[in-house]
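Q: Sequence:
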Amino acid sequence: PAHASRYEQNLVRLIKAWRTEFKAPKAPFVLATIGFGGWEMEGPHVTVANAQLAVSGEKGKYPEFAGNVKTVEIRDFWRAVEVSPRNQGYHYNRNAETYMLVGDALGRGMVNLLEARK
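In the numbering used here, the protein residues as written are 2 to 119.
Hints listed in this document are in silico derivations from the structure and should not be mistaken for laboratory results.
It is possible that some hints are incorrect.
Here are the simulated lysine to aspartate or glutamate pairs, EDC-like style, with alpha carbons at most 16 Å apart [stated by the list, open to error]: (1) 27 <-> 116; (2) 17 <-> 65; (3) 27 <-> 74; (4) 60 <-> 105; (5) 27 <-> 59; (6) 62 <-> 9; (7) 60 <-> 43.
Label-pair distances were calculated between CB atoms; the ranges are [stated by the list, open to error]: (8) 61 <-> 84: 31 to 39 Å; (9) 83 <-> 15: 17 to 25 Å; (10) 61 <-> 6: 35 to 43 Å; (11) 62 <-> 109: 20 to 28 Å.
On a predicted model such as this, the values are computed, not experimentally measured, just so you know.
Backbone N, C-alpha and C fix where the C-beta goes; we use that ideal spot for every residue, glycine too.
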């Protein structure tokens, strides 16, 4: 729980550090929220998901991320164990549909950022 409360500040530092390391101050950055349990997520997971959403450029909390950082919400992509290969919530129950939907959302998020730059 203590780590979850620092997730947002650490994520901001990570994005800035990567941009510094690769000398790309406006490099587009797309991330997905965690989606464990879908919309029934509880506790520290909610704190982390909210932190991930907070850094998204369109939120305005971090002006330097406007137009170059995007968070995609993936809680809709959670699939229950009953329709998944394994009961491993931390691996999204090994559900291939979830992985495909998350990847697609991340890709579309990047395309949106890149198209907005034109």
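Q: Now look at each hint and say whether the structure bears it out.
A: These are the hints, each one checked on the structure:
1. The suggested pairing of residue 27 with residue 116 holds, with an alpha-carbon distance near 14 Å, which does not exceed 16 Å.
2. A C-alpha spacing of about 10 Å is found between residue 17 and residue 65, which places the hinted pair at or below 16 Å, so the restraint holds.
3. Distance restraint check for residue 27 and residue 74: the Cα-Cα separation of roughly 22 Å exceeds the 16 Å cut-off, and the hinted pair is therefore not satisfied.
4. Distance hint between residue 60 and residue 105 is unfulfilled; the C-alpha atoms sit about 22 Å from each other, more than 16 Å.
5. Proximity of residue 27 to residue 59 is assessed by CA-CA distance (about 15 Å); at most 16 Å being required, the pair is judged to hold.
6. A threshold of 16 Å between alpha carbons decides the hint, and for residue 62 with residue 9 the separation of about 11 Å falls inside it, so the pair holds.
7. Restraint check: the Cα-Cα separation between residue 60 and residue 43 comes to about 23 Å, which exceeds 16 Å; the hinted pair is violated.
8. Distance hint check for residue 61 and residue 84: the Cβ-Cβ separation is about 37 Å, which falls inside the suggested range of 31 to 39 Å.
9. Taking the beta carbon of each, residue 83 and residue 15 are about 35 Å apart, not inside 17 to 25 Å as hinted.
10. The hinted window of 35 to 43 Å between residue 61 and residue 6 is violated, with their beta carbons roughly 22 Å apart.
11. Separation of residue 62 from residue 109 is about 22 Å and conforms to the stated range, judged on CB atoms against 20 to 28 Å.
Consistency note: the structure conflicts with the earlier hints numbered 3, 4, 7, 9 and 10.
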